[in-house]
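> With these hints in hand, go ahead and build the complete structure from the sequences.
These protein sequence lines map, in sequence, to chains U and E.
In terms of the numbering used here, the first sequence is residues 1 to 709.
In terms of the numbering used here, the second sequence is residues 1 to 709.
Hint data in this document are derived by calculation from the structure and do not stem from the laboratory.
Incorrect hints may appear among the rest.
Straight line, CA to CA, 25 Å or less: simulated DSS-like cross-link-like pairs of lysine-lysine [what the hints assert, rightly or not]: (1) LYS219(U) to LYS198(E); (2) LYS369(U) to LYS456(U); (3) LYS202(E) to LYS219(U); (4) LYS219(E) to LYS198(U); (5) LYS20(E) to LYS111(E); (6) LYS219(E) to LYS219(U); (7) LYS471(U) to LYS20(U); (8) LYS198(U) to LYS198(E); (9) LYS169(U) to LYS169(E); (10) LYS346(U) to LYS276(U); (11) LYS346(U) to LYS386(U); (12) LYS408(U) to LYS369(U); (13) LYS198(U) to LYS219(U); (14) LYS471(E) to LYS386(E); (15) LYS219(U) to LYS169(E); (16) LYS202(U) to LYS219(E); (17) LYS345(U) to LYS471(U); (18) LYS202(E) to LYS276(E); (19) LYS169(U) to LYS219(E).
If you want the footprint, here are the derived chain U segments under chain E, 3+ residues with CB under 8 Å [to be verified]: (20) 518–528; (21) 634–641.
A quick note: this is a predicted structure, and the numbers were derived from the prediction, not measured.
For every residue, glycine included, the Cβ atom is placed at its ideal position computed from N, Cα and C.
Protein chains: 2
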Amino acid sequence: MFTWIGVFAQTPDLMPLPAKYSLNTTSCRITNRFSISIQGNADSRMYSEASRFFQRLSERTGIFFPTWRVTPTSKYSSGGLQIQVLRTGQLVLGEDESYQLQVVDSGILIKANTDIGAIRALETLLQLLGSDTKGYFFRGANIEDAPRFPWRGLLISQPYHFMPMDVIKRTLDAMAAVKMNVLHFYISDDQGYRIESKVYPKLHEMASEGQYFTHAQVKEMIAYAHQRGIRVIPEVDLPGHSTAILYAYPHLASIKRDYTLQDHWGVFDPTIDPTKERTYIFLDSLLTEVASLFPDAYFHIGGDENTGRDWQRNPDIRKFMKDRGLATNLALQNYFNRRVMGILKKCGKTAIGWDEVLMRELDDSVAKKYFEEENFSKLIEPNVPKDLVIQSWRGMEALISSARNGYKSILSKGYYIDLVQPASYHYLTDPVPYRNDVIIPDSEANLNRFESEIIKKLKKGIRLLSEEQEKMILGGEATMWTEHVTAETIDSRIWPRTAAIAERLWSPPQIRDVADMYRRMDIISVQLEFLGSTHIKNTAMLLRRLANQQEVSCLQSVVQYLEPVQGYQRNQQNNFTRFSPYTLMADIAVPDQKAVRDLTKRFSEYAKAKDTVWKKEVRQLLREWIDNDYAVQQLAAPIPALADIAAHSTRLRALASMGLEVLSSPNLKATNIGDWQKKLQDAAIPIGHCELKVVEPLRKLLSNQYPNN
Amino acid sequence: MFTWIGVFAQTPDLMPLPAKYSLNTTSCRITNRFSISIQGNADSRMYSEASRFFQRLSERTGIFFPTWRVTPTSKYSSGGLQIQVLRTGQLVLGEDESYQLQVVDSGILIKANTDIGAIRALETLLQLLGSDTKGYFFRGANIEDAPRFPWRGLLISQPYHFMPMDVIKRTLDAMAAVKMNVLHFYISDDQGYRIESKVYPKLHEMASEGQYFTHAQVKEMIAYAHQRGIRVIPEVDLPGHSTAILYAYPHLASIKRDYTLQDHWGVFDPTIDPTKERTYIFLDSLLTEVASLFPDAYFHIGGDENTGRDWQRNPDIRKFMKDRGLATNLALQNYFNRRVMGILKKCGKTAIGWDEVLMRELDDSVAKKYFEEENFSKLIEPNVPKDLVIQSWRGMEALISSARNGYKSILSKGYYIDLVQPASYHYLTDPVPYRNDVIIPDSEANLNRFESEIIKKLKKGIRLLSEEQEKMILGGEATMWTEHVTAETIDSRIWPRTAAIAERLWSPPQIRDVADMYRRMDIISVQLEFLGSTHIKNTAMLLRRLANQQEVSCLQSVVQYLEPVQGYQRNQQNNFTRFSPYTLMADIAVPDQKAVRDLTKRFSEYAKAKDTVWKKEVRQLLREWIDNDYAVQQLAAPIPALADIAAHSTRLRALASMGLEVLSSPNLKATNIGDWQKKLQDAAIPIGHCELKVVEPLRKLLSNQYPNN
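Listed below in structure tokens is the structure:
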């Protein structure tokens, strides 16, 4: 599948890696006479994106091109870029995004069936930009590329912390840079309803606190996404997660109570009453309005985390269920879903739902039994329309069950970037988890009740899906739930880790080298920043706010080793609400710190290093931690908001002192060894929702000194 | 005027400084039970701004308040903030913005006649935030404050580089933080027309290249400004600077030619034909539309830099002038202005124009003579309507002539922040330059033909304006012309220097201590960043783009000493256009570098320092420059876009070597002294539109070593 030229020791600095590529030793030099011409059938999108590419090239190289405007009259000249496009691509599922890209010394050729393919090619080309003492060039390459999955999405939720237009736009720019093609725009939940409604204006008037997109803004967002070849899918989460709707229109509720917007995070009881016709009259108008705003053929109706409690509390609803033979809440929800899907069908839309809309509620033992027996029809609700697309968030089994029962599906389990897990975990999560060479990550913590079964089968070489069934899996979606992020921090929760997910969904499945992924991710991360993402630059800004001064490098020296606690640990403390300050250490620290990865590498090489200079440098680093702590304590003493950072800094100093002592003591007693091991263990306990990530590399460093302990 | 308590050695960290204040040693401690209540007559603006204050307080302190939502039911409790407001302020010139603020240990009281006054008070209060080991508090203070001038503006031009909504919003937030109250929104010029027009849609369709504010966006901006007590004044520059209009509607032009949008910067000939009735029919519809979008009572009609050449080229226009006895282009322009003002009057608007609309074109000697004789009526055009407001951009004399002839005026000369001059210069420029204790800066470079006359008169103690005339001067406006800035760099051209202008326009004229201004500006600068301004954080980002890697600290070490060349030097190189990369060293370097000011201080103290540790530190710093250069050259060698920074780094290393040599040689010969003076002279020559600002402090440092040379 790959053509390699032996002289290249590593993969090119591309992310996602193309399906097929070969590099060569030529390069196309860039002068201020560089030109871009477009041939074939292209509309304004292609010209506009080519112009944007040209401008970005100018910004990065500092070359003064006479113009970066690409028009139908722009001529090709030797050493320039020629783009050949057959037709304008449609923003529909499965549209052709393939392209060919050839870079040789005499010029560059992009060939694509659609302009969307050419737009993808431009991102690849910009990543091939290099320089040397003589100037700038594009690296010689021959690329044939196409995505593995047609659905490569990112969900952004608007109800918890509202993300204004500039956040959405810069996210779309960054998505395009890593070839993602679906923005899942999550509109409604217990905390707010975030787009204007002309048919039910109380939705935005009462249930948004002024934080919503107008119709014009929704169109502006969609046009911006369209420009980059990105579809936008709306979600109105129903029938649970609907407090905002019920606050505005309480007559739709299953239970009479005083509804008010939720300020807390979690799963709440308020649920739309699915037994009343007025519910469907309301939803008919509302969903028709939303459907008309979002031109995409898909529409997400939610369906997750309906507690069903409000339904059971209402005798009329219980009677309705009995009368219709709807034995479970899920059966009632399926009735509701079918009605809603009917409305959407009228609007020409295909519905998507979270996996609850398909999967039966079964006891673990029963479910496992069916799964082991591959009795997949028993795992799902009967009578769910076959055109409902399933978004799997609770586990792989929903994906497999969907495919085995003839449903299309999208994977999100494993791509929950709000859980601040490492990119490697997301990267190794594959939507098609049954190939012999593709094993899902075996971290027990991340496996649900079914996934150990899946692994067992995979290890036995059992193929769970046929080739046809495999095609039912459309791709995946990273989910940026915004409970614990604000417009200031969201970028550092999305990027750069989502680039690893983008590669998983675009590149061939065999590309799974984690170390190489990180190498390329660190490069692309910096480039994403040029598009406006704040994931790097806001770290220092947030520290400056807490310190109330410009000079914060001593704080940065600590925070670079801190990572926020993973998973939902933060949610388990109930004091977080919409009013909490998301400006603190746990918001400043980012997952997957580069400094931690670098340190791990550095420390792991210490043991085998014969070079005493190298060893000296490691000891020097430990001494710097000690010195740095002095500066931190000075700065932090009168500033309570820095107390947690100061506490981690104290630990860092203590660990450094200990480390220096151990490294300089060739013959420690076992009791001493136990002592430093205990200290490391203590230092691993989170403070302020953050873990000090030097502990593990340091433990390994010291253990190498005492390999038998 | 000031009440000082002796224990406070310096001014409080406030900017602008209040009109009257006293500090005390109490403080109001902030707990999570902090509350805000509002009494009197306030509408949603007051509640919303109080809520925003509360949220910002939470973000900076990390305190988990149960809520930061302030509503009419919010109750005061001891230690909280009580706001008393008599009425909702109007966004009109001269509205009451005064307030009283008392902070004592038992709580805080804000009293204001209008909510706008209370909003100003909230910004002062937030600047009084402090902390110690025991927690956060507001400093005890007793403040009675009101602005000196009613017009404290910032102009942002949209035609050159378009500034999208997020730039405007964060600028409005920062303006509010330093109590500015006018955004001058400059819509139209030779390079583009930047708002939607429903009456003449070609304006945005043809003449914006898609970069414009829709009507909805204009309203969004105005609502955002209104929320912060900021007026928004539109400018449609007429009859020159009108290529964009003539490109869309060439029948309005004075000369038939192929009009196209300008990509270059400068003054161009295309001018609207003021002799045709169709011009006024067009302007009637257009200005009525724009006037209806911007609710403010003032409307700017431009009037600057009309070359008049196209008028002279057109025999019909020449004939028109002759027939009407309009002897000069200026007379014709005044005819045009009166027609345009008639249209605006119908819309209920008062017109503003740049000083060309009033000042006669006179030979220098004649003008100077009139000025010396205080024959001010001869300096202006006759028959200019008295209700035209003059914006003085070419010199103080327009301000004085306006006031002496009964015209209201606004000063911008001296506040041209696009010229990247130091804040001290802007700070010392006073719109009322005739007080004995207020001398305009005597930097010859910044004086025009009249200003030396003004200084001469001031020195003689001559009062140029009576108290009544003085009141005709409404205030001033910083002008952010956007030829050489983009959305990435505009913040660093506006902030923090504009905070110094804001203080000049708000605070009493006696507050003129430049060192203290810089001390406070550096503090406020960091706080402005919390509102979204990128003036600090984008420096590193821009360097990362050029370096294409994350680690750029060695580059920052050089750039912190670089300042872009002042004035219009950059314009004089004709290769700058809309397509130029504004991502280079001169865009990354900022005016008035803090590091340069710190260095100057440090070096100046070297000579008198008896402390050898101190001297050692200075020499250590010079050695760091040498070491740093090694890192810079390594990094920059294969990256052409870093060549200019590398060149400055080379200089820095050479200067450091030389400095170390001189400092360690107690008895240099005169020839050697001449040698290093020559080297310093050479190092002062700009490279890449930047000056290495260590030269002057270093020269002083070395000169102190050899005081006789």
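> Decide, hint by hint, whether the structure agrees.
Structure-based check of all given hints:
Under the criterion of a C-alpha separation no larger than 25 Å, the hint pairing LYS219(U) with LYS198(E) is consistent with the structure, at around 19 Å. Using a Cα cut-off of 25 Å, the hinted pair LYS369(U) and LYS456(U) holds, with the two alpha carbons roughly 14 Å apart. Taking the CA atoms of LYS202(E) and LYS219(U), the gap is near 21 Å; set against the 25 Å cutoff, the hint holds. Between LYS219(E) and LYS198(U), the direct Cα distance comes to roughly 19 Å. Compliance with the 25 Å bound is thereby established for this hinted pair.
For the hint linking LYS20(E) to LYS111(E), the alpha-carbon distance of about 15 Å falls within 25 Å, and the restraint holds. Proposed proximity of LYS219(E) and LYS219(U) is supported: the alpha carbons are some 17 Å apart, at most 25 Å. Our distance criterion of 25 Å between C-alpha atoms is met by LYS471(U) and LYS20(U), whose separation comes to about 21 Å. Note on LYS198(U) and LYS198(E): the hinted pairing holds, with a Cα-Cα distance of about 23 Å set against a maximum of 25 Å.
Between LYS169(U) and LYS169(E) the alpha-carbon distance is near 15 Å, which keeps this suggested pair within the 25 Å criterion. This hinted pair checks out: LYS346(U) and LYS276(U) have alpha carbons roughly 20 Å apart, not beyond 25 Å. The suggested pairing of LYS346(U) with LYS386(U) holds, with an alpha-carbon distance near 17 Å, which does not exceed 25 Å. Among the hinted pairs, LYS408(U) with LYS369(U) is consistent with the structure: their alpha-carbon atoms are about 24 Å apart, no more than 25 Å.
For a cut-off of 25 Å, the pair hint linking LYS198(U) to LYS219(U) stands: about 15 Å separates their Cα positions. Simply put, LYS471(E) and LYS386(E) have alpha-carbon atoms about 15 Å apart, close enough for the 25 Å limit, and the pair holds. Distance check on the hinted pair: LYS219(U) and LYS169(E) sit about 20 Å apart at the alpha-carbon level, within 25 Å; holds. Taking the CA atoms of LYS202(U) and LYS219(E), the gap is about 21 Å. The hint holds against a cut of 25 Å.
Distance restraint check for LYS345(U) and LYS471(U): the Cα-Cα separation of roughly 23 Å lies within the 25 Å cut-off, and the hinted pair is therefore satisfied. Under the criterion of a C-alpha separation no larger than 25 Å, the hint pairing LYS202(E) with LYS276(E) is consistent with the structure, at around 20 Å. Our distance criterion of 25 Å between C-alpha atoms is met by LYS169(U) and LYS219(E), whose separation comes to about 20 Å. A count of 5 residues in the segment 518–528 of chain U with a Cβ less than 8 Å from any Cβ of chain E is obtained; the coverage claim is therefore met, three being the minimum.
A count of 5 residues in the segment 634–641 of chain U with a Cβ less than 8 Å from any Cβ of chain E is obtained; the coverage claim is therefore met, three being the minimum.
Of the hints listed earlier, there is not a single one the structure fails to meet.
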